[in-house]
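K.L.:
Chains W and P, in that order, give the protein sequences.
Per numbering that gives the first Met the number 0, residue 0 is the first one in the first sequence, and the count goes up by one each step.
Per numbering that gives the first Met the number 0, residue 0 is the first one in the second sequence, and the count goes up by one each step.
It should be emphasised that the hints constitute simulated quantities derived from the structure, not laboratory data.
Glycine included, every Cβ here is placed at the ideal spot set by N, Cα and C.
Any given hint might turn out to be false.
[To be verified] A few chain P residues facing chain W, derived, Cβ under 7 Å: (1) Val34; (2) Trp35; (3) Thr38; (4) Phe183.
There are 2 protein chains.
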Amino acid sequence: MTADELRKDLDAASARMKEATLTSESVFKGKLLDVWRDTARLPNGATSTREHFHHPGAAAIVPVLPDGRLVLVRQYRYPMHRAFVEFPAGKIDKGEAPLATAQRELLEETGYHGGKWTELTTIHNAIAYCDERIILFMAEGIEAGEQKLDENEFVEVFTATLEELLSWIAAGIVTDVKTIISAFFVEKFREGRGDQVPVKGS
Amino acid sequence: MTADELRKDLDAASARMKEATLTSESVFKGKLLDVWRDTARLPNGATSTREHFHHPGAAAIVPVLPDGRLVLVRQYRYPMHRAFVEFPAGKIDKGEAPLATAQRELLEETGYHGGKWTELTTIHNAIAYCDERIILFMAEGIEAGEQKLDENEFVEVFTATLEELLSWIAAGIVTDVKTIISAFFVEKFREGRGDQVPVKGS
């Protein structure tokens, strides 16, 4: 099946399998989490509960230095109670264009800025319960500068080669999905297989 | 930095950046979502709110037919209000071993069973707000059988070549993270680069 055929196939499946919203109740609205409990009409006519939450979406950046090294961050992730190695990323502010989010977050978290920016693709990381999407960007040939963190924000910056990052994924130490997917995309570009990487507008 | 060095480096970072739990309050407990609002002590001594939820974890399967084709599913994902193409997956039941979850979910969702099973790795898909982990398995040489869906569960099964799946990722149509990462792992195996794929116990 070609990609165009799959797109049509998925549209038809979405109509055939549709779960129509009957009721929608806000059950928790915090500073970050916006949780809802809906009831939905299933394709067989039955009714079921659907718990989910809204997320504003996020942008993540693959920052590439002029010598090809990659900029990574260490960040403490409270839900997992430990630090992770990740590419820089952050939530999209209300009304903000994803590219602006990406450039803002890269500057705030790492100080790096400038360079040539390419929008790669959008990935969905939690489709069972959340509408979060992460828009991936690549920033090539960036320049160093000063971090601009909030007072209570802690992000440690370091650099690595693509080969190091791939070895950390192979060892099961780098496990964050946006970071793994971005690393594989960079690998494909460097191997001349950019046709296997979704690039917006290409 | 080698993988072992990174592991030690991350342990040190986890201690240095630790956010210690001061209070923890259950704010919503549904059938699926188990949402908490904590307060935590940050590395600089300040206090901050941390909203997050617990997830039991999930297992996902790359089902490989004897001829090398892959088994995929179409499933309606209510939070996104449309159908997605994914590898089969499901939540870990209480006390269930992840391999048992994977084998149960593959049988229930697709009818396929048997074959040779390999645990690949564990990925983290929502570390900003959730402790979900997805354990990836590969099942090679599986046999067809009958789906065993719940009455109100709708999963459509189809098969594709790895090349088709990679082209759908390149076109930005397959966007589910566990499916993208698994596809790239299978590609590496087939290209004789299995050393770039984390395999548990290897």
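K.L.:
Against this structure, judge whether each hint is valid.
P.N.:
Here is what the structure says about each hint:
1. A cut of 7 Å between beta carbons decides the hint on valine 34 of chain P: the least distance to chain W is about 6 Å, and the hint holds.
2. The restraint placing tryptophan 35 of chain P at the interface with chain W is violated, with a minimum CB-CB distance near 9 Å, outside the 7 Å limit.
3. For the restraint placing threonine 38 of chain P at the interface with chain W, the shortest Cβ-Cβ distance is roughly 11 Å, beyond the 7 Å limit, so the hint is violated.
4. With a least beta-carbon distance of about 5 Å to chain W, the hint placing phenylalanine 183 of chain P at the interface is held under the 7 Å criterion.
Going through the hint list in order, the structure does not satisfy hints 2 and 3.
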